[in-house]
Amino acid sequence: MHRTRIAGLLVAAVLLAAGTACSSSDSPEPAASTSTPTDETTSAPAKVSKSETIRRCTNAVADRAADTSSGEVHSEPTPKPCAGLPDSEYLDAYMDGIRQANQAGRDELERQLDDATP
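Residues -23 to -1, 1 to 95 in mature numbering (1 follows the signal peptide of the UniProt record, and there is no 0) are what the sequence shown lists, from first letter to last.
You can take every hint at face value.
Simulated DEER-style distance windows between Cβ atoms:
{"#": "1", "residue 1": "D92", "residue 2": "S28", "range": "30 to 38 Å"}
{"#": "2", "residue 1": "E66", "residue 2": "Q89", "range": "29 to 37 Å"}
{"#": "3", "residue 1": "E87", "residue 2": "P63", "range": "32 to 40 Å"}
Okay, derived cross-link-like pairs now, SDA-like style, lysine to any residue, Cα gap no bigger than 25 Å in a straight line:
{"#": "4", "residue 1": "K24", "residue 2": "D64"}
{"#": "5", "residue 1": "K27", "residue 2": "S65"}
{"#": "6", "residue 1": "K57", "residue 2": "I31"}
{"#": "7", "residue 1": "K27", "residue 2": "G61"}
{"#": "8", "residue 1": "K27", "residue 2": "E53"}
{"#": "9", "residue 1": "K24", "residue 2": "Y67"}
{"#": "10", "residue 1": "K57", "residue 2": "L68"}
{"#": "11", "residue 1": "K57", "residue 2": "V25"}
{"#": "12", "residue 1": "K57", "residue 2": "D73"}
{"#": "13", "residue 1": "K24", "residue 2": "S65"}
{"#": "14", "residue 1": "K57", "residue 2": "Y67"}
{"#": "15", "residue 1": "K57", "residue 2": "S28"}
{"#": "16", "residue 1": "K27", "residue 2": "Y67"}
{"#": "17", "residue 1": "K24", "residue 2": "P54"}
{"#": "18", "residue 1": "K24", "residue 2": "G61"}
{"#": "19", "residue 1": "K24", "residue 2": "A37"}
{"#": "20", "residue 1": "K57", "residue 2": "R76"}
{"#": "21", "residue 1": "K24", "residue 2": "E66"}
{"#": "22", "residue 1": "K27", "residue 2": "A60"}
{"#": "23", "residue 1": "K24", "residue 2": "A60"}
{"#": "24", "residue 1": "K27", "residue 2": "P54"}
{"#": "25", "residue 1": "K27", "residue 2": "R76"}
{"#": "26", "residue 1": "K27", "residue 2": "S52"}
{"#": "27", "residue 1": "K27", "residue 2": "D73"}
{"#": "28", "residue 1": "K27", "residue 2": "D69"}
{"#": "29", "residue 1": "K27", "residue 2": "E66"}
{"#": "30", "residue 1": "K27", "residue 2": "P63"}
{"#": "31", "residue 1": "K57", "residue 2": "R33"}
{"#": "32", "residue 1": "K57", "residue 2": "E29"}
Calculated from the structure, these hints are not laboratory results.
C-beta atoms are modelled at their ideal positions from N, C-alpha and C, and glycine is treated no differently.
Given the sequences, and given the hints that come with them, work out the whole structure.
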């Protein structure tokens, strides 16, 4: 029953977000560096903080919600930025991403209504 309620909430959020056809990512992913090390050793990529990983995961889920036309936002396959998060943290980021997409949809709808008002 809990899954049904979550699915219903997700469908409602996605329909609202998909109806506005806007991207909900507030900031683009940083571009990969094209520089190469000047010495013989190569350093490992900088470790991303857990909060940054969660933020990227949330944005990836929100982007997935904005890009869907079916009204469904599948949790699997896990978006690449979410890899490595424990299930509970991924679920939290997933729900936050749905909320983010839903809020972006409401904001866009409000903007459209304001534009249409004489």
